[in-house]
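In the order they appear, the protein sequences are chains G, V and F.
Residue numbers for the first sequence follow our numbering, beginning at 1 and rising by one.
Residue numbers for the second sequence follow our numbering, beginning at 1001 and rising by one.
Residue numbers for the third sequence follow our numbering, beginning at 2001 and rising by one.
Subject to a maximum C-alpha distance of 25 Å in a straight line, what follows is the list of computed BS3-like cross-link-like pairs (lysine-lysine):
#1 K1096(V) x K108(G)
#2 K150(G) x K108(G)
#3 K26(G) x K1096(V)
#4 K2177(F) x K2189(F)
#5 K1294(V) x K1185(V)
#6 K1061(V) x K150(G)
Beyond 10 Å from chain F on every Cβ pair, some chain G residues (computed):
#7 K26
#8 A31
#9 E42
#10 P43
#11 E67
#12 P83
#13 N148
Have a look at the derived ranges for each label pair, beta carbon to beta carbon:
#14 I1014(V) x Q2193(F): 46 to 52 Å
#15 E42(G) x I1037(V): 44 to 50 Å
#16 K1312(V) x G2023(F): 43 to 49 Å
#17 G2023(F) x G1386(V): 53 to 59 Å
#18 D2173(F) x D1304(V): 53 to 59 Å
Derived from the structure by calculation, the hints contain no laboratory data.
No experiment lies behind these values; they were computed from the predicted model shown.
For glycine and all other residues, C-beta sits at the position ideal for the given N, C-alpha and C.
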Amino acid sequence: MAIAIKNYSRATEYNNIMALTNETIKERLIAKFADQLSHFEEPYGLLTFEAPKELNLKVLQFLFDDEELRFRFLTDLTAVHYPGGVGRELAVVYHLHNLVDNIRLRFKVFTSIGQPDVFTATQLYSSANWMERETYDFFGVNFVGHPNLKRILNVDEMDYIPMRKEYPMEDQTRVDKDDAMFGRGDLPAAASTGPVETPRAANEPRTPASGTPGEPGQKQDWPSDTTKIS
Amino acid sequence: MSTEHHIKLPEGSIEKTTTTLNLGPTHPATHGVFQNIVELDGERIVSAEQTVGYIHRAFEKIAERRPLYQITTLTDRLNYCSSPINNMGWHMTVEKLLGLKLPKRVDYLRVIIMELARISDHLICNSVVGVDSGAFTGFLYVMQYRELIYEIYEEICGSRLTTNMGRIGGFERNFSNAAWEKLEKFMAEYPAVLKEFENLFTRNRIFMERTIGAGPISGDRALNYGFTGPNLRAAGVDYDVRVHSPYSSYEDFDFEIPVGSTGDCYDRFLVREGEMWQSMRIIEQAYRKIQDMKGADADVYHADAPEYYLPKKEDVYTKMEALIWHFKIVMGETQIPPGEVYHSVEGGNGELGFYLISDGGRNPYRLHFRRPCFIYYQAYSELTQGAMLSDAIIVMSSLNLIAGEMDA
Amino acid sequence: MVMARPVRFNIHPIKADMKNNIGLADMPEGYPGEGFFATSLSNVVGLARKNSLWPMPFATSCCGIEFMATMASHYDLARFGAERLGFSPRQCDLLMVIGTIAKKMGPIVKQVYLQMAEPRWVMAVGACASSGGIFDSYSVLQGIDQVVPVDVYVPGCPPRPEAILDGFMRIQDLVGKESIRRRNGDRYKELLQSYGIQ
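Next up, chain G with everything else stripped away, as it sits in the complex (with noise of 0.2 Å):
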């Protein structure tokens, strides 16, 4: 219940304990699973390599128990949608920090579109229930093994994924919004005179809103003095 204040202050005290490098690592990692992993890059000081959808509890397990390497605590789990790499499309990306050598490490398991399963690391981090759980929500990973795979941040009926590079960002179903006016679709016909026409059709129903404005030319039926009303 007492606060115990250290004095952490100077980081290269930590930095004077790290023996850990990336070197050794990366020579750690090919000694146990030899050429299963590859990629081995340092993009801006962070190891990163990655590794066959198979192994990734394996190699999540081997990390979190050897003694020196210690990859105890899960930062992030997320993915990339690459719709380019056939066969390769979804990229389940773990980075893995080791808190007592203050080293990160990341890593990724590639999987097709087709058949998205990857093993989940629920059973080793719990922090992993829920970054599974919006993996799936925005790319449609399916995590074998989780206890409770359903979507946490978008609304359960939704019936696309929406993070994926084919889905546009903006809500298909408007009907209150003008692509014209904002620089998409086609432009109207008529753009050197008069006002400008709207894509809707002068019979479609208007979204009831109570302050909508009107289209250009009709005439409101709002009282013109707001304050008596009715």
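Mind docking chains V and F on chain G? Use the hints.
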């Protein structure tokens, strides 16, 4: 909604079935929209199921459509109680991608702003814990000083809450004299207010009885659940991104990390109080360092990077190179290196991470926010297992759940 | 630049111009007499209602923090009679929707609106509640007027507390001038029908 499942009532219960209570998305105690469906045995919670997503605004999808400098306005709205931290974190991520080095003065200015934002965030959290346990007065006292922090933000960037502060490469303008005067006023008056706030709560018998033992969590479980920030430090693990991976010259400052032991609500409250005192220390040190800067260093407020930082308008209208840089930056013709970068900052709630994959174009290919609130809210059902309903309310507010950050 | 408002944090404060800056509330039109004052019922009821509105803050996101600042002592909403914030819609007159409403939240706004008793007013605070704000995405409702009829829109992202207070004063104008037959009239019924509310 939760599916029907048979819930075993605990031993010694006098009830026949559990009562399902919907602490719905609109509830005075849920500060922000998230839902808890709790099964109650009398007053004790048997199980809780959380539903989030009631304010999902699709930030990650929107970010794929915006150039890098326009994403700052999205980051404001993550943890909106401390939006400057989110802004600075984003700018640092882009600077890491672009390989920009910033002058020291810019770093120190950023530190001042980030610590002010941290104080602002912790003030809301602590005073709202007070409100939830019935004590409204503390909230009113500290909101006055949050107004002063807002006025400092206004002097620097024009806006109070969703600040869009700074640019990639520094700040958009130097801090004005009024900003410095307000900061000095804050540094002079705020410690007394914080002391008064502490006197109201820290050794207050009622507050202690309400919060001690409510929602404890051990360090191991907290790490497994991905806790970061004050909630993790209250559980006994001293992980602070500012110390582990220093950014923005935090290694030049001398401060301590308050750490708790049991991880219950009282420890979280005390850790946040302690962090506010440490933030005041950091602000004073940064202020001293900036005042001691002389000569040309004393006026610099952005990096010398014309490819990424918009040149001054007078130069754009008179000089050819400035005009070309301006055009290139706005139209997206600047060289953005393709690559992926992960950068994190210590936000008000913990490690706020930005995972940015760039394909060389103006917009990111993929941007993912590692949002601490989203990750640690999962633990709520474990924290409230067997607790009374009123304890569950206090646990929810002491976790500092910000719905904007949770749902992004 | 000197700031004109009399705020404590002014570094170079100006004395407030108290003589010309006091607003007086006018009496409603009517016939005064010895010990009585005759006016129309809607004026009296409106006057009473507008100065004792019980708002229900439906705060979802960033605008909610500005609303908290409005409720705090600096910009005090209680001056306008809205001291008691109700969190149960059954006890409130004014539904203030403060913040972004996602499509997941839309039915809940509608349900809260339905739980309110007449007369009820709705104020959309912030750009997101008015029109979806900066979030023109698949998951955000582009304005709560897609689901409930709105009386006052307060733009801003987030609106300053002064703007929220201004919106509240507009609501007070509407409340004060409202005819007591409005809620039973055909136009109002048509308005509710267009939202699918009986």
